[in-house]
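**Student:** Listed here are the chains, written in short residue letters.
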Amino acid sequence: MIKLEAVSEVYPDGTEAVKEVSFEVEKGELCVLLGPSGCGKTTTMKMINRLIPITRGKIYVDGVDNTEIDEDELRRNIGYAIQDIGLFPHMTVGQNIETVPALKGWPKDKRRQRAQELLKLIGLKPEEFVDKYPSELSGGQCQRVGVARALGADPPILLMDEPFGAIDPITRVRLQDEFLRIQQEIQKTIMFVTHDIYEAIKMGDKIALMHQGQLVQYDTPANLLYRPKNEFVENFVGADRALKGLQLLRVKDVMTSSPPAVRADDETQTAEKQMKREGTAYLVVVNDERQFLGWVERANLRAGRMVRDIMHSSTATATANTVLSEALSLMLSSGLKTLAIVDRANELEGIVSFDAIQKALGDATLRSRAE
Amino acid sequence: MLEAWEFVTQRPELLAEWTLSHLWIVFVANGIAVVLGIALGLYITGKGREHVADAVLYLAEITMTIPSLALFGLLMLLLSSIGLKAIGFLPAVIALVVYGQLPILRNTYTAIRQIDPPIIEAGKGMGMNERQLLLKLKLPLAVPVIMAGLRNAIVINIGIAAIAALIGAGGLGVPIFRGLRNARMDLIIVGGAAVSILALLIDALMSRLERWVTPKGLKRR
Chain A
26 MIKLEAVSEV YPDGTEAVKE VSFEVEKGEL CVLLGPSGCG KTTTMKMINR
76 LIPITRGKIY VDGVDNTEID EDELRRNIGY AIQDIGLFPH MTVGQNIETV
126 PALKGWPKDK RRQRAQELLK LIGLKPEEFV DKYPSELSGG QCQRVGVARA
176 LGADPPILLM DEPFGAIDPI TRVRLQDEFL RIQQEIQKTI MFVTHDIYEA
226 IKMGDKIALM HQGQLVQYDT PANLLYRPKN EFVENFVGAD RALKGLQLLR
276 VKDVMTSSPP AVRADDETQT AEKQMKREGT AYLVVVNDER QFLGWVERAN
326 LRAGRMVRDI MHSSTATATA NTVLSEALSL MLSSGLKTLA IVDRANELEG
376 IVSFDAIQKA LGDATLRSRA E
Chain B
108 MLEAWEFVTQ RPELLAEWTL SHLWIVFVAN GIAVVLGIAL GLYITGKGRE
158 HVADAVLYLA EITMTIPSLA LFGLLMLLLS SIGLKAIGFL PAVIALVVYG
208 QLPILRNTYT AIRQIDPPII EAGKGMGMNE RQLLLKLKLP LAVPVIMAGL
258 RNAIVINIGI AAIAALIGAG GLGVPIFRGL RNARMDLIIV GGAAVSILAL
308 LIDALMSRLE RWVTPKGLKR R
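These protein sequence lines map, in sequence, to chains A and B.
Each residue of the first sequence is one higher than the one before, starting from 26 at the first, in this note's numbering.
Each residue of the second sequence is one higher than the one before, starting from 108 at the first, in this note's numbering.
Residues from chain A that face chain B, not an exhaustive set, calculated with beta carbons under 10 Å:
1. E98
2. L99
3. A175
PhoX-like, lysine-lysine: derived pairs with alpha carbons at most 25 Å apart:
4. A:K133 to B:K323
5. B:K323 to A:K157
6. B:K243 to A:K133
7. A:K150 to B:K326
8. B:K243 to A:K135
9. A:K157 to B:K326
10. A:K129 to B:K243
11. B:K243 to A:K157
These are computed hints drawn from the structure, not numbers from a lab.
Bear in mind the structure is a predicted one, so any value in this text is a computation, not a measurement.
For glycine and all other residues, C-beta sits at the position ideal for the given N, C-alpha and C.
Full structure from sequences and hints, please.
**Tutor:** In structure tokens form, the structure reads like this:
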């Protein structure tokens, strides 16, 4: 879908910002351009939609040499989102999202409808947000609208330059998860620039690691971690690659599905019997709809007659798609050794224990992912 | 004071005539100045024109320091040497265009330069051409500041236009100079007060207009 052939960028003063870079991004793949600042990753990206002219080499977009397409036309068919977002402050959220559709001359109704769809997709209520101005939004909301605007005319390709860079870490994690969910739905071909290796490992199907204008390794995240091509990659990945590897795995890879559970309305005797049968020291407590409520421990069983009297309520939960590093940090911060995994309706799907994560931490599981 | 008021009540048609011709000069001059100022202001914000911008802005600043009487005299000589009418409306309008230039030019330049670069980059990256960047992003975002410049230019020119009466352009300078020649305090007061009131009124009107043309998303809540 996007193919770079020996692409170089030489600035007028003679500095070579990008040197002979070649790689190809398949349709529907998310490729992360990773590297320290000044490595040429943003320049490489901007040559794709020709915001920066190519000095040497060729870039093919869907099989066509991108210098043979009118540059405005090219850009209208490639979504573009940047770190500083650049929302137009004098336009409403709706008008911002409709920018490219308007440039393409879509009829008003179709534009309006598209904006509504996209607002829903990014989790903002259309009726509440469509007429708001950017100055009325929070940072995270602005980032979301920036992504929606990039998707405005449903382009097959998206270029994203550190789109989640300028927000607090908690919101960033949420936006990353949301974006991955959206990507599963929309299946775009994406070029994503970041300097954050954690983000790269979490988001990328492939990572293009750049250094001093050169492409050092173009590979899957697992291969980058476990089969580094040279010393630079090894150093960039860092000694704590096992921890970074936790970004590669998701809760669903290690969770125990349909774990034994008791209802809050059960008597403690029922819980005791069940614990003996399962050979565990704790059980998940749910309500009649199987929604997660908390935990009950064997040591507390004698303290009351009903489960609800002795259980520890808890709201610390993760979903099947949570990456392991985030699940682990949730465990550490909530002091739980086991985490309940719920779906969007808070219904219990499974549990993940500290032991299970530790097992995954062992290189074996991760190494097997590297080819 | 009383005599001035008597004059106003007895000869309202004279006062109206002076006021109208005064306004007309200012209106025509600033109409030209705003088109010229915005065009020139946009031109000098272009890439690689930083030196041109410095020169043009410097020049515009210098023109502001020329005493208006000297400029009128200069224009009279210039116009008569190329065979044009050297007194009256034409030199007056030209002088006011010159004086109205700086605030409009400078504000246009500053307004465009102040636009957050990511906004322009986003527009470009989404496929806006130069014209669309200008019409959809730069101008709407610059409008409040440009309007403030225009307002400034008009208020300055309402004052300067009074002096244009000296070269036969009419306006509210007429009673002032007539009063000076004939030691008629009432005429001086009538002319002077009318210029001040006019300036205040137009200023208030322009500030309304400024708020009206400011895009909604840019207004301070």
